[in-house]
Structure formats: C-alpha cells, structure tokens
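K.L.:
These are the residues of each chain, in order.
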Amino acid sequence: GEDVEQSLFLSVREGDSSVINCTYTDSSSTYLYWYKQEPGAGLQLLTYIFSNMDMKQDQRLTVLLNKKDKHLSLRIADTQTGDSAIYFCAESIMGTYKYIFGTGTRLKVLA
Amino acid sequence: DTGVSQDPRHKITKRGQNVTFRCDPISEHNRLYWYRQTLGQGPEFLTYFQNEAQLEKSRLLSDRFSAERPKGSFSTLEIQRTEQGDSAMYLCASSFGGLDQPQHFGDGTRLSIL
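Residue numbers (my numbering), protein chains in the order written: chain A, 1 to 111; chain B, 112 to 225.
Worth double-checking, as some hints may not be accurate.
In the DSS-like style, the derived pairs of lysine-lysine whose C-alpha atoms are separated by at most 27 Å in a straight line are [to be verified]:
(1) A:Lys98 / A:Lys68
(2) A:Lys70 / A:Lys36
(3) B:Lys125 / A:Lys98
(4) A:Lys36 / A:Lys108
(5) A:Lys108 / A:Lys68
(6) B:Lys122 / A:Lys36
(7) A:Lys67 / A:Lys56
(8) B:Lys182 / B:Lys122
(9) B:Lys122 / A:Lys67
(10) A:Lys36 / B:Lys168
(11) A:Lys98 / A:Lys70
(12) A:Lys98 / B:Lys122
(13) A:Lys108 / A:Lys70
(14) A:Lys108 / A:Lys56
Don't read these hints as lab results, they were simulated from the structure. Since this is a predicted model, take the numbers as computed values, not measurements.
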C-alpha cells in the first residue's frame, strides 16, 4: 500500500543543520517532494526530486534519496528561527496525479 | 504571478448546513486538486480536475461532497448536510502540464462545524 512516515518532532539550535527524514513504501514513486507549512497557512513547495536522482541541492536545502531503502531526507543548512514550521514529505505515484503525504515533522529552532 | 487563491479562509457553520468553498488556481494551470487536512495529519487527496473534467475521486469523497470546475478555471467544493467529522482544512492546489510539474497550494479554507 501507499504509506509515508516521518518523525513527529525535531529541535535544533539556530545556526545548526537540520535533517528531516521520511520513509515511503511504494516503489513506483515517480517524484518526491518537500513542503513547508507555517501556522494557519497552506503548503509551500520547497523542493522536489525525481526518483532516479540521488541528490538535489538548492541553496540551503539538500535532498538525499536512497531508492533502495525508500528513504528521503531534507537537510537545511544554517537553520534560522524562520525555518520553524511543519515539514511534509510527499510522493507521487506512477499513473496518478495525487500526492501521498506524511504526517509532517514539526521543526523547532531554538535561538 | 498570483498564487492559488481560496475563499473563504474560515467558515463556521452548524451541523446539517451546506457549505461551498471556492478555489482560483494559478492562471493557465490546467490541473486543479482538492485535499483535506485534519489536525496533526498530512493532507489527504480528495479529487482532481484536468481542465473541466473530474478525473479521479478518492473514496474519502462521500456522496455529500461534490466538486465542480465548470469552465476549467475556478473550482467549487460543496459539502451537504455537514457533520462534525467534516471539520478540517480544505486545501486546493494547481499545476500545469505533466507529472514533472509540482502542485502549488493555496492557504486553505478552515471549516469548523458547531
């Protein structure tokens, strides 16, 4: 079946790196996404990676994909207080346009 | 480039009433999606449109829910005879082109059932 799992909480100090992890079960995933949600707001697309790639870097964000283990991670370098939010991992399944989301990881950045 | 716009942002209604939400996608985006997000959970897919055609519906979309996109631009999501369990954030997203183009989300409509 389709399932995406994330740890619920992560706390880091300002200036440190944050690593948010995600595992998924469907091997037919085509793209994997990271979205950010601030309180009372919708989802902001941060970055995404095609399933045949291993890594993608975009400014402070680095995405790593281990397709064999079905593991995705998002590294945020030099984490700032403005990065405090809930981060969702999502996958798209081959043949459909719907996304399957994880339950989200709440990142708290301590000053 | 304006983003996905949803109206209203908040809706409070009594159980049993009908409610309708509107979504305006990013201009020229041909695909439009509805998701539901309950507290502490990730969004769950409800349905999606390619232009005016509704191409996929989740089993979460009971008979009380109906979505339309009559002219292939804005969309409405109606819930009839609302129940307590309908309380959630309803998110709309849009995209252009194929599977390689990501979905962009609006700020959602938060529905509270009294």
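K.L.:
Look at each hint and say if it fits the structure.
P.N.:
Hint check:
| no. | hint | verdict |
| --- | --- | --- |
| 1 | A:Lys98 / A:Lys68 | 23 Å, holds |
| 2 | A:Lys70 / A:Lys36 | 21 Å, holds |
| 3 | B:Lys125 / A:Lys98 | 31 Å, violated |
| 4 | A:Lys36 / A:Lys108 | 13 Å, holds |
| 5 | A:Lys108 / A:Lys68 | 30 Å, violated |
| 6 | B:Lys122 / A:Lys36 | 24 Å, holds |
| 7 | A:Lys67 / A:Lys56 | 14 Å, holds |
| 8 | B:Lys182 / B:Lys122 | 25 Å, holds |
| 9 | B:Lys122 / A:Lys67 | 42 Å, violated |
| 10 | A:Lys36 / B:Lys168 | 25 Å, holds |
| 11 | A:Lys98 / A:Lys70 | 19 Å, holds |
| 12 | A:Lys98 / B:Lys122 | 26 Å, holds |
| 13 | A:Lys108 / A:Lys70 | 26 Å, holds |
| 14 | A:Lys108 / A:Lys56 | 24 Å, holds |
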